[in-house]
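Enquirer: As you go down the protein sequences, you meet chains A and B in turn. Sequential numbering from 3 applies to the first sequence in this note's numbering. Sequential numbering from 3 applies to the second sequence in this note's numbering.
One or more hints might be untrue.
Okay, derived cross-link-like pairs now, DSS-like style, lysine-lysine, Cα gap no bigger than 30 angstroms in a straight line [what the hints assert, rightly or not]:
#1 B:Lys215 x A:Lys81
#2 A:Lys138 x B:Lys81
#3 A:Lys137 x A:Lys81
#4 B:Lys41 x B:Lys137
#5 A:Lys246 x B:Lys138
#6 B:Lys215 x A:Lys246
#7 A:Lys215 x A:Lys138
#8 B:Lys138 x A:Lys81
#9 B:Lys41 x A:Lys183
#10 A:Lys246 x B:Lys188
#11 B:Lys183 x A:Lys138
#12 B:Lys81 x A:Lys246
#13 A:Lys188 x A:Lys41
#14 B:Lys138 x A:Lys183
#15 B:Lys183 x B:Lys226
#16 A:Lys137 x B:Lys81
#17 A:Lys246 x A:Lys226
#18 A:Lys81 x B:Lys188
#19 A:Lys137 x B:Lys246
#20 A:Lys188 x B:Lys183
#21 A:Lys81 x B:Lys226
#22 A:Lys215 x B:Lys81
#23 A:Lys183 x A:Lys226
#24 A:Lys188 x B:Lys215
#25 A:Lys183 x B:Lys215
#26 A:Lys138 x A:Lys81
#27 A:Lys183 x B:Lys81
#28 B:Lys188 x A:Lys188
#29 A:Lys188 x B:Lys246
#30 A:Lys138 x B:Lys246
#31 B:Lys81 x A:Lys81
#32 B:Lys7 x B:Lys183
#33 A:Lys183 x B:Lys246
#34 A:Lys137 x A:Lys215
Hints were generated in silico from the structure; no laboratory data involved.
Protein chains: 2
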Amino acid sequence: MGEKKIKLVIAYDGSAYHGWQRQQNALTLQQVFEERLEKMLGEPVSVFASGRTDAGVHAQGQVAHFTTSSQLDPSVIAKGLNSLLPDDIFVREAMYVAEDFHARYSARRKSYEYRILNTMAPDIFQRRYVWHIRKKLDNEEIRRSLSLVLGEHDFSAFRSSGSGNRNPVRTMYRADLIEQKGGLIKIFMEADGFLRHMVRNLVGTLVEVGLGKMTAEGFGAVLKSADRRMAGPRAPAHGLFLVKVHY
Amino acid sequence: MGEKKIKLVIAYDGSAYHGWQRQQNALTLQQVFEERLEKMLGEPVSVFASGRTDAGVHAQGQVAHFTTSSQLDPSVIAKGLNSLLPDDIFVREAMYVAEDFHARYSARRKSYEYRILNTMAPDIFQRRYVWHIRKKLDNEEIRRSLSLVLGEHDFSAFRSSGSGNRNPVRTMYRADLIEQKGGLIKIFMEADGFLRHMVRNLVGTLVEVGLGKMTAEGFGAVLKSADRRMAGPRAPAHGLFLVKVHY
Numbered sequence: 003m004g005e006k007k008i009k010l011v012i013a014y015d016g017s018a019y020h021g022w023q024r025q026q027n028a029l030t031l032q033q034v035f036e037e038r039l040e041k042m043l044g045e046p047v048s049v050f051a052s053g054r055t056d057a058g059v060h061a062q063g064q065v066a067h068f069t070t071s072s073q074l075d076p077s078v079i080a081k082g083l084n085s086l087l088p089d090d091i092f093v094r095e096a097m098y099v100a101e102d103f104h105a106r107y108s109a110r111r112k113s114y115e116y117r118i119l120n121t122m123a124p125d126i127f128q129r130r131y132v133w134h135i136r137k138k139l140d141n142e143e144i145r146r147s148l149s150l151v152l153g154e155h156d157f158s159a160f161r162s163s164g165s166g167n168r169n170p171v172r173t174m175y176r177a178d179l180i181e182q183k184g185g186l187i188k189i190f191m192e193a194d195g196f197l198r199h200m201v202r203n204l205v206g207t208l209v210e211v212g213l214g215k216m217t218a219e220g221f222g223a224v225l226k227s228a229d230r231r232m233a234g235p236r237a238p239a240h241g242l243f244l245v246k247v248h249y
Numbered sequence: 003m004g005e006k007k008i009k010l011v012i013a014y015d016g017s018a019y020h021g022w023q024r025q026q027n028a029l030t031l032q033q034v035f036e037e038r039l040e041k042m043l044g045e046p047v048s049v050f051a052s053g054r055t056d057a058g059v060h061a062q063g064q065v066a067h068f069t070t071s072s073q074l075d076p077s078v079i080a081k082g083l084n085s086l087l088p089d090d091i092f093v094r095e096a097m098y099v100a101e102d103f104h105a106r107y108s109a110r111r112k113s114y115e116y117r118i119l120n121t122m123a124p125d126i127f128q129r130r131y132v133w134h135i136r137k138k139l140d141n142e143e144i145r146r147s148l149s150l151v152l153g154e155h156d157f158s159a160f161r162s163s164g165s166g167n168r169n170p171v172r173t174m175y176r177a178d179l180i181e182q183k184g185g186l187i188k189i190f191m192e193a194d195g196f197l198r199h200m201v202r203n204l205v206g207t208l209v210e211v212g213l214g215k216m217t218a219e220g221f222g223a224v225l226k227s228a229d230r231r232m233a234g235p236r237a238p239a240h241g242l243f244l245v246k247v248h249y
């Protein structure tokens with residue numbers, strides 16, 4: 003029968019985890035998945051995700067894959083995993099994929115959502131999932147800035163150090179802001195890939211724009227500069243959701 | 003100058019607390035408030051709420067009062083409290099009230115909301131705030147049942163034991179169900195008072211109706227019976243919110 007490759011689509015609340023990737027002295031999602039799968043399948047399992055996600059970042063549609071000699075149907079594996087996993091993780095789908103599928107290297111696009119709560123009072127029930135900003139943001143100026151990141155750009159200005167020498171050019175397919183009721187603001191971004199901390203660095207700079215500390219033109223100049231020192235501070239992790247990985 | 007009485011309107015996420023009322027070996031909201039106020043005001047403080055709320059129950063608008071010799075403006079007290087309180091509690095308002103005001107005994111009505119998520123898959127981001135029920139509920143039959151509790155009734159069938167010999171007759175001013183997007187169901191109830199566990203016992207029985215285990219007529223018979231053994235199981239605490247206390 004041989005080995006089979008299984009793809010998982012996963013939602014998790016990142017609050018309690020130090021990101022996806024295994025670490026020595028901190029609980030990570032990769033560790034949780036590998037331990038639960040090994041328990042269920044009775045064999046060592048390595049689980050690879052589409053990307054690491056930082057500590058505290060959430061996912062609605064993270065994708066991961068693993069290889070197993072188990073003949074259990076993927077739907078049975080999903081059910082079994084969900085019964086073993088803590089209640090801040092949920093496997094939405096599990097399916098067989100071709101041998102050459104790789105959660106990270108086969109990904110063509112990723113979508114992220116960043117949530118800001120722009121109200122005087124905090125909402126304690128959303129405290130783990132939004133960046134609370136009291137001062138009224140200029141959403142129109144943020145939208146004007148967002149339109150500037152569409153298309154192909156060198157995003158070095160929004161890349162954190164420690165991300166190696168990889169090509170900093172990415173193509174942004176969607177970048178918009180949606181105002182919802184109750185002062186909730188959602189910023190969506192979809193690109194063929196994201197540099198380290200890119201969404202959070204972008205959002206942090208967009209908030210500077212929204213606060214009037216920078217104009218949309220200034221934002222465009224930061225993008226063009228390709229200089230990290232020009233950008234604003236990084237937005238906190240807990241407002242960020244990995245929404246979908248496209249293959 | 004003498005003592006002044008201050009009213010607080012409070013929101014809290016009940017997940018981490020054993021309800022409002024002080025207990026020997028468990029963390030309660032009353033303890034948290036009294037400790038923080040004593041720290042801030044430099045005098046012993048007793049804080050009285052409109053009702054106890056059970057362990058795990060949330061509040062958007064709990065009301066409490068205390069008496070103090072402090073001359074600090076209530077708005078300053080609210081700000082100070084919010085800087086001292088953990089991020090799962092927020093003081094929405096603080097104001098002077100008359101000497102004869104009592105958070106519990108002056109209350110004329112209370113409003114509660116109970117949230118059910120009626121979807122196949124759980125929503126991990128709402129897991130602390132909804133009762134997740136997979137099987138599709140018959141919301142129309144629940145609505146028909148809700149209409150039966152409007153007005154004055156003996157609610158003994160929905161009262162938990164240990165609630166003493168108080169009069170079990172209450173007047174329900176509002177009882178309805180609102181379907182929101184994404185399978186979220188909100189059940190609202192407003193009455194001149196609620197017996198112990200009354201909302202949760204009502205919701206547990208309404209869910210039996212929604213699952214087809216009981217008809218609206220059967221529900222009406224349970225209400226009429228005034229017999230706790232006739233009602234359904236109690237709904238879990240974490241779907242319940244104290245929305246507002248009316249004075």
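Enquirer: For every hint, state whether the structure bears it out.
Expert: Verification of the hints:
Note on B:Lys215 and A:Lys81: the hinted pairing holds, with a Cα-Cα distance of about 27 angstroms set against a maximum of 30 angstroms. The suggested pairing of A:Lys138 with B:Lys81 holds, with an alpha-carbon distance near 20 angstroms, which does not exceed 30 angstroms. Restraint check: the Cα-Cα separation between A:Lys137 and A:Lys81 comes to about 45 angstroms, which exceeds 30 angstroms; the hinted pair is violated. For a cut-off of 30 angstroms, the pair hint linking B:Lys41 to B:Lys137 is broken: about 49 angstroms separates their Cα positions.
For the hint pairing A:Lys246 with B:Lys138, the CA-to-CA distance comes to about 27 angstroms; that is within 30 angstroms, so the pair holds. Taking the CA atoms of B:Lys215 and A:Lys246, the gap is near 39 angstroms; set against the 30 angstroms cutoff, the hint is violated. Note on A:Lys215 and A:Lys138: the hinted pairing holds, with a Cα-Cα distance of about 13 angstroms set against a maximum of 30 angstroms. The hinted pair formed by B:Lys138 and A:Lys81 meets the criterion: a straight-line CA distance of about 20 angstroms does not exceed 30 angstroms.
Using a Cα cut-off of 30 angstroms, the hinted pair B:Lys41 and A:Lys183 is violated, with the two alpha carbons roughly 37 angstroms apart. At roughly 29 angstroms between alpha-carbon atoms, A:Lys246 and B:Lys188 fall within 30 angstroms of each other, so this suggested pair holds. Taking the CA atoms of B:Lys183 and A:Lys138, the gap is near 28 angstroms; set against the 30 angstroms cutoff, the hint holds. The suggested pairing of B:Lys81 with A:Lys246 is violated, with an alpha-carbon distance near 40 angstroms, which exceeds 30 angstroms.
With a C-alpha separation of about 38 angstroms, the suggested pairing of A:Lys188 with A:Lys41 is violated against the 30 angstroms cut-off. Restraint check for B:Lys138 and A:Lys183: satisfied, since their Cα atoms lie roughly 28 angstroms apart, inside the 30 angstroms limit. As the CA atoms of B:Lys183 and B:Lys226 are separated by approximately 34 angstroms, the hinted pair breaks the 30 angstroms bound. Between the alpha carbons of A:Lys137 and B:Lys81 the distance comes to roughly 17 angstroms, so the proposed pair stays at or under 30 angstroms and holds.
This hinted pair checks out: A:Lys246 and A:Lys226 have alpha carbons roughly 28 angstroms apart, not beyond 30 angstroms. Proximity of A:Lys81 to B:Lys188 is assessed by CA-CA distance (about 28 angstroms); at most 30 angstroms being required, the pair is judged to hold. Among the hinted pairs, A:Lys137 with B:Lys246 is consistent with the structure: their alpha-carbon atoms are about 27 angstroms apart, no more than 30 angstroms. Using a Cα cut-off of 30 angstroms, the hinted pair A:Lys188 and B:Lys183 holds, with the two alpha carbons roughly 17 angstroms apart.
Annotation: proposed proximity of A:Lys81 to B:Lys226 is violated, straight-line Cα distance about 42 angstroms (limit 30 angstroms). Under the criterion of a C-alpha separation no larger than 30 angstroms, the hint pairing A:Lys215 with B:Lys81 is consistent with the structure, at around 27 angstroms. This hinted pair does not check out: A:Lys183 and A:Lys226 have alpha carbons roughly 34 angstroms apart, beyond 30 angstroms. A C-alpha spacing of about 41 angstroms is found between A:Lys188 and B:Lys215, which places the hinted pair above 30 angstroms, so the restraint is violated.
Distance check on the hinted pair: A:Lys183 and B:Lys215 sit about 37 angstroms apart at the alpha-carbon level, beyond 30 angstroms; violated. Distance hint between A:Lys138 and A:Lys81 is unfulfilled; the C-alpha atoms sit about 44 angstroms from each other, more than 30 angstroms. Annotation: proposed proximity of A:Lys183 to B:Lys81 holds, straight-line Cα distance about 26 angstroms (limit 30 angstroms). Of the supplied pair hints, the one linking B:Lys188 and A:Lys188 holds, its CA atoms being roughly 24 angstroms apart against a limit of 30 angstroms.
Straight-line distance between C-alpha atoms of A:Lys188 and B:Lys246 comes to about 29 angstroms, which keeps the hinted pair within the 30 angstroms bound. The suggested pairing of A:Lys138 with B:Lys246 holds, with an alpha-carbon distance near 27 angstroms, which does not exceed 30 angstroms. Distance restraint check for B:Lys81 and A:Lys81: the Cα-Cα separation of roughly 47 angstroms exceeds the 30 angstroms cut-off, and the hinted pair is therefore not satisfied. At most 30 angstroms may separate the alpha-carbon atoms for a hinted pair to count; B:Lys7 and B:Lys183 exceed this at roughly 42 angstroms.
With a C-alpha separation of about 20 angstroms, the suggested pair A:Lys183 and B:Lys246 falls inside the 30 angstroms cut-off, and the hint holds. Of the supplied pair hints, the one linking A:Lys137 and A:Lys215 holds, its CA atoms being roughly 12 angstroms apart against a limit of 30 angstroms.
Taken one by one, the earlier hints fail for this structure at numbers 3, 4, 6, 9, 12, 13, 15, 21, 23, 24, 25, 26, 31, 32, listed in ascending order.
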